[in-house]
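Asks: One letter stands for each residue in the lines below.
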Amino acid sequence: MKIFFATDIHGSEICWRKFLNAAAFYKADMVVLGGDVTGKIMVPITAYPGYWEVTIRGERRRLENREQLAEAERLLRDRGSYPAIVTPDELDALNSEEAITGRFNSEMTRSLDRWLDMADGKLHGGEIPCILNGGNDDIFDIDPILEASSCVTFAEGKVLDLDGFSMVSMGWTNPTPWDTHREAPEDELAAKIDAVAGQIPDLGRAIFNFHAPPYGTGLDEAPALDQNLRPTHGGAVMKPVGSTAVRDAITRYQPLLSVHGHIHESRGVAKIGRTLAMNPGSSYSDGVLQAALIDLNQKKGKVKYVLVNG
Amino acid sequence: MATDAIGDERPTLFLRKATGLVRGWSVRDSMIYACLSTNVVTLGLVEFAYQGAFPSGQLLTAVLLSGVWVSFLVIAYSGLVVTIPRAGGDYVWQSRILWSGLGFVMAATGWWFILWLWAPIYGTVLAEEFFQPLWATLGSPSGAAWFGTHNGTFVVTLITIALAGVLVSLGMAGYARVQKWCFLGGLVGFAVILILLLVSSKANFISSFNAETARLFGMKNGYGGTLADAGSKAVGYTPPPFGVAGAFSQSLLLVPMLMFYLLWPNWGTTLYGEVRGASDFRRVFSGMFFGLWTTVLLSVIFLALFAKTFGWAFYQSANTLWVDSLYGIPTTHALPIFPYPALLAGWLVHNTTFQVILILLMSLWFFGWVGTLFLSSTRVIFAAAFDRILPDGAAQVSEKRRVPVWSLVLMLLPAIGLAALYSYNSTFHTYTLDATLVIAVTYLFSAIAVVILPWRKPDLWAASPASRIKLLGVPVVPAAGVVTIGLIGYCLYEWLSNSAYGVNNNDSLIYMGAMYVLAVVIYLAARVIRRRQGIDLSLINKEIPVE
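Chains as they are written, first to last, in our numbering: chain P, 1 to 310; chain G, 1001 to 1547.
In case anyone wonders, no lab produced these hints; they're calculated from the structure. Since this is a predicted model, take the numbers as computed values, not measurements. Mixed in with the good hints there might be a few duds.
To be verified - Cross-link-like lysine-lysine pairs, in silico, DSS-like; alpha carbons within 25 Å at most: (1) P:K271 to P:K239; (2) G:K1542 to P:K304; (3) P:K299 to P:K271; (4) P:K2 to P:K304; (5) G:K1202 to P:K27; (6) G:K1308 to G:K1220; (7) P:K122 to P:K300; (8) P:K239 to G:K1017; (9) P:K271 to P:K300; (10) P:K158 to P:K192; (11) P:K27 to P:K299; (12) G:K1308 to G:K1202; (13) G:K1542 to P:K2; (14) P:K122 to G:K1542; (15) P:K192 to P:K271; (16) G:K1220 to G:K1202; (17) P:K300 to P:K27; (18) P:K239 to G:K1180.
Model the full structure from these sequences, guided by the hints.
Replies: Quick look at the structure:
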């Protein structure tokens, strides 16, 4: 069974389109997205009579017609930003955290609906299995949308049977300096993992799909930051920021495979006892879909893989 | 939640709370890294000593010309960083823009194999700028001279390799702090030398030099003898006067030599990544550019003060006699150790403690720099292992101590072998500029990548902040890439056609060629072996269609 695993696309529409095409491109049996589906940036496009204005990467642009507007929206979506078309008055009204959050959430969920519509066509209405999970940066509003979709399977907290292999998924991470949506202390993470891992019939054929990478494995190296969240020493100093609960769980349960994301810079593979753990990293802002192409041998219970930049 | 707006203007974007939204790295930090990489003390002063290869060439002209030319390389690399802001540098850019196999061959040769040769070069610098002057100052000239022997060079290189290996094992966290303090301490040492050379007259220096060389090496009339020996028939060296006038063509020939220290302001680009503000062109460019030009400025100050206090003819002559002695042309007044300017300046103060402190302060330029010797190699080995080109074990890290055992073996063992060759083979040490050439070839392909980027990856280019930097309608970054190709092409032509650089002889070419063959063989073998294992390496950088 061949699995295409990607993660952390953060609203990049070009990466989502590639993700949907990955099964056909790599001849994979299923595609899995390991969390952090939604973007971090919303860019207002201000509508004036007869034209629009937008600033893209520091450059102010005047859009004279609908084709230019569509092109600007595409450019923003491809790199993970949400274009929000607003009147000058609406933009002025986005002056409180509550107002901004409301608009942001509405753009995120609307975008996810569009993505699921695309998925329906590309995945032939669920014929190609597609598993999605939230990540710590994803708001909880996306969960019911994914749960309700007929073309994707929302995996959070479930034990999924993948043709003889059991996948358990968790989008929660250990605390970060940004206090994001799905964070919990290590003991709570351990409890969440134990709750699902206990239901796995054969750990030798188990796959952990945990957004947080295991601590101190090289899959969790992020630039060390000072108290102002500025990288220290020119960004040359990295430090492990993964989860000890995830590491302990892998060490204790020894699943066949453990796939992770969260730390974009830390693309790599590590052996933890008998478990093969990997983080394909993320390069969503370049429009490159980093991923792991994993071949699971059902008879021997062995794993072959290659990390790709699709 | 954060907004981005200028003054009373309306916000242009909204950021929600999410992982990784950090402030950009400080320009000062990356400037220090670039400045230490283009290290005027460890590499510059050593390379200045070889000016005699082009007797009428002007170091000052060549330094300034090199600074301007390498600035274009800085622009080209800044463009690559902001367009594909990923850790991995040349390997990632060439793999994505050109071809996977080429990316591996260039990264393996330029960021891994050739670093084996840099190990004895670092070792030689440590001997010449630390052990030799320290031993001489402490009253053991014979001990100092030993560090220049075959055994001395080998032992110091082993110390260097061990030091760099330990730093890789311990990680960069502690070392990065050390590096910053080394830079500051090194600047203090530089300032002390600057003051000494400013307040001392040439007459003071002549008497100090004569006294110290007589005391330490039993030399008579050291200053006058140096000038006389250099001008003798046996040596036949007539140093040019200090300045920018003179034979421009000869100064131009010094440029490929000076690349030994000025070609590295972009050394940190393998470390740049998304979360470090790497998409900000001005920030990326400023760190490297000001690092480079700090080095150029320090070089110009050094040279001007050497001319004022040492006397330009003397400085050049002392260097030439020392180099000639290395190549088996002994003269009476050649110093038995490297005429290290920090040592010569320290002689202006007749106090051993002061001289030792000055040498220790200046040695910080070495100790702040040595940790980077194998850092990039580890990253290339890990990247190649994750791409399944190298065996998986190459990227394994010991669980207890977090030491990358096999990558260390892949770096240290060949480096020790090269160190032995460099130390004991009578000609191998003359291939020093091979170490620059091979990295320059890697840079050349990145420069080609940046030039063809707008055509090869139009979407990526259109989305890049670099695409909007134009001068008279011409995109600056690809144009800078063309100038960089010109620089490297010129250097390659001279290195490979002019025997004065010590590169274009059979053994040197075979040595370099063998590295490329080794990289190609590893890549092809990996393709075959992985295919048998059912893993298709050609998939690694194949782009998934969007539609």
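Asks: Hints broken by the structure, by number, lowest first?
Replies: Hints 5 and 7 are the ones this structure does not satisfy, whereas the remaining hints hold.
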